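Enquirer: Go by the hints and put chain E with the ligands onto chain R.
Chains R and E, in that order, give the protein sequences.
Take the first sequence: its letter number 145 is residue 145 in my numbering, and every next letter is one higher.
Take the second sequence: its letter number 251 is residue 251 in my numbering, and every next letter is one higher.
Read the hints as simulated data drawn from the structure, not as lab findings.
Just so you know, these numbers come straight off a predicted model, no measurement behind them.
Quick reminder that beta carbons are idealized off the backbone N, C-alpha and C, glycines included.
Heads up, some of the hints might be wrong.
Derived lysine-lysine pairs resembling DSSO-like cross-links, with alpha carbons at most 30 angstroms apart [claimed, not checked]:
(1) E:Lys113 with E:Lys23
(2) E:Lys79 with R:Lys114
(3) R:Lys114 with E:Lys68
(4) E:Lys79 with E:Lys68
(5) E:Lys79 with E:Lys8
(6) E:Lys68 with E:Lys83
(7) E:Lys77 with R:Lys114
(8) E:Lys5 with E:Lys77
(9) E:Lys79 with E:Lys5
Below, a sample of chain E positions facing chain R; criterion: calculated Cβ distance under 10 angstroms [claimed, not checked]:
(10) Gln85
(11) Met90
(12) Val91
(13) Gln93
(14) His100
(15) Leu104
(16) Arg115
(17) Leu168
Listing some non-contacts, in silico: residues in chain E with all C-beta distances to chain R over 12 angstroms [stated by the list, open to error]:
(18) Tyr16
(19) Asp74
(20) Lys125
(21) Ala139
(22) Met196
(23) Arg240
(24) Glu246
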Amino acid sequence: MMHFDPMVPFKYWDALLIGLWMSLRLTLICLALGIALGFLTSQARRSRFMPLRALATFYVELFRGTPVLIQLFWIFYCLPLLLGFEPGNFASAVVALTLYAGAITSETFRASLKSIPREQYDTCRALGITGMSLALWVVLPQALLRAIPTLLSNAVALFKESALISAVGMADLMFIGSSISNRTGRPVEMLTAIAVIYFAVAFPLTRIVGRVEARILRRLAV
Amino acid sequence: MAQDKLLKIHNLHKSYGDLEIFKGLTLSMDRGDRLVIIGPSGGGKSTLLRIVMGLEDIVGGDIYMDGKPYILRDGAKTKIDRKLQARVGMVFQHYTLFPHLDILRNLTLAPVKTRGMSRAEAEEKAMGLLTRFGLDAKAHAYPSQLSGGQKQRVAIARALMLDPDLLLFDEVTSALDPELVAEVEAVMMELAEAGMPMMIVTHDMHFARNIASRVVFAAGGVVVEDGPPEQVLDAPQVARTREFVERVFAKKR
Ligand SMILES: Nc1ncnc2c1ncn2[C@@H]1O[C@H](COP(=O)(O)OP(=O)(O)OP(=O)(O)O)[C@@H](O)[C@H]1O
Ligand SMILES: [Mg+2]
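One chain only, chain R, in its complex shape (with noise of 0.2 angstroms):
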């Protein structure tokens, strides 16, 4: 048997870098996009038109109640039969972890949207501010703050489950780290590896939501 190596991992630091790149842009992109649509579905998801409410809630739930990896494979094979061209890894592994960005995320709205006191739109009824004003100036500034604790945390959840897409064959960290184990025979070293590197970037965003919700709380504690 093979004595423990720490240093192994270290002769493929570049590769690894070029993984945690492609986790990190993806995980980013995915954020950006899932934030939007999760919004836009939090607002769907309140319409007073019946059918678009069913379509949002059945979108959330599907995609909040099956395995990642299942969509990801879904989307994966699904993707080109819709659109009728092959969009390339990238571009499906996008729309999937949007997707699954977007519904999670739509649920964090939908709870800070509530959490607004009522009070705040008597107040704004007794000040003549109406319509998009208050949509646009109270709403949605307050659901935004409200929401950036769990936001963060969203965002950790999406970057610890982008290491689904090397499942697909992208070239994530994931990917490359398991590869090189299976090339070197070192699974141990390279996962340990792969699990440090995945936790250095994970640990403190996870500090840092602490840190930002018990700030937003003190603001918020009117």
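Expert: Relative to the frame of chain R, chain E with the ligands by itself:
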């Protein structure tokens, strides 16, 4: 027209589901009046102010402002004249400032976004009001950094930004620590001396006596007694009022 009342509530009916709150309440108010409304808990004092503010549907009756129809029941719908509504302001028990905006922006938001006032003009006016209430140093603080008494004074200043012709106060000192009540009441007394028409709901009988030009005892969905504070609070004519006032004063002692 000079003889028109500032506010005239005629035969007001209001229910929440099966619960009848007002059963033909009639009440009017002159321009120089400061009305204090007293009555049992759950009797509809908050509801009355919310109706006058235009925040509630009514079941029947009508409300006039300066002789013009303000709130009417028209078939199955409550009709509210938005122009007249804009002349009424309200201060709530829990201040409800905008937590995401600093104090200055709390004051300027409504005039700038809905009245078309320029930002510079609104800020000048806001600073004037904040200075008058001793809050100018807090212009750039956020609501969460203020005491309850300061927050409530900001809420009053925010309502004054729109130059209301009638200001409604719903138990604005009830949520405050006792030592902070006086600073808010002082601001209200100052407004009273400046001639601001007000409708005030309060449990503080001492303050009621000081600020009221008229006290209205409402119970059972109607006005039971209506007169100067010396009458309603000290020598009530109606047995029901006497009972209520005695009980409230007994609790104080
Ligand atoms: N939105 C609502 N839906 C149903 N019932 C309501 C609603 N708002 C108030 N009520 C009921 O109407 C009644 C009158 O309420 P209101 O708040 O006007 O009383 P109040 O005189 O202000 O009482 P308090 O002195 O306790 O503040 C109460 O029984 C209350 O439970
Ligand atoms: Mg009340």
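Enquirer: State for each hint whether it applies.
Expert: Now for the hints, and whether the structure bears them out:
{"no.": "1", "hint": "E:Lys113 with E:Lys23", "in the structure": "violated (38 angstroms)"}
{"no.": "2", "hint": "E:Lys79 with R:Lys114", "in the structure": "holds (28 angstroms)"}
{"no.": "3", "hint": "R:Lys114 with E:Lys68", "in the structure": "violated (38 angstroms)"}
{"no.": "4", "hint": "E:Lys79 with E:Lys68", "in the structure": "holds (13 angstroms)"}
{"no.": "5", "hint": "E:Lys79 with E:Lys8", "in the structure": "holds (16 angstroms)"}
{"no.": "6", "hint": "E:Lys68 with E:Lys83", "in the structure": "holds (11 angstroms)"}
{"no.": "7", "hint": "E:Lys77 with R:Lys114", "in the structure": "holds (28 angstroms)"}
{"no.": "8", "hint": "E:Lys5 with E:Lys77", "in the structure": "holds (25 angstroms)"}
{"no.": "9", "hint": "E:Lys79 with E:Lys5", "in the structure": "holds (20 angstroms)"}
{"no.": "10", "hint": "Gln85", "in the structure": "holds (8 angstroms)"}
{"no.": "11", "hint": "Met90", "in the structure": "holds (4 angstroms)"}
{"no.": "12", "hint": "Val91", "in the structure": "holds (9 angstroms)"}
{"no.": "13", "hint": "Gln93", "in the structure": "holds (9 angstroms)"}
{"no.": "14", "hint": "His100", "in the structure": "holds (5 angstroms)"}
{"no.": "15", "hint": "Leu104", "in the structure": "violated (14 angstroms)"}
{"no.": "16", "hint": "Arg115", "in the structure": "holds (7 angstroms)"}
{"no.": "17", "hint": "Leu168", "in the structure": "holds (8 angstroms)"}
{"no.": "18", "hint": "Tyr16", "in the structure": "holds (15 angstroms)"}
{"no.": "19", "hint": "Asp74", "in the structure": "holds (20 angstroms)"}
{"no.": "20", "hint": "Lys125", "in the structure": "holds (15 angstroms)"}
{"no.": "21", "hint": "Ala139", "in the structure": "holds (17 angstroms)"}
{"no.": "22", "hint": "Met196", "in the structure": "holds (16 angstroms)"}
{"no.": "23", "hint": "Arg240", "in the structure": "holds (31 angstroms)"}
{"no.": "24", "hint": "Glu246", "in the structure": "holds (34 angstroms)"}
Hint violations for this structure: numbers 1, 3, 15, all remaining hints satisfied.
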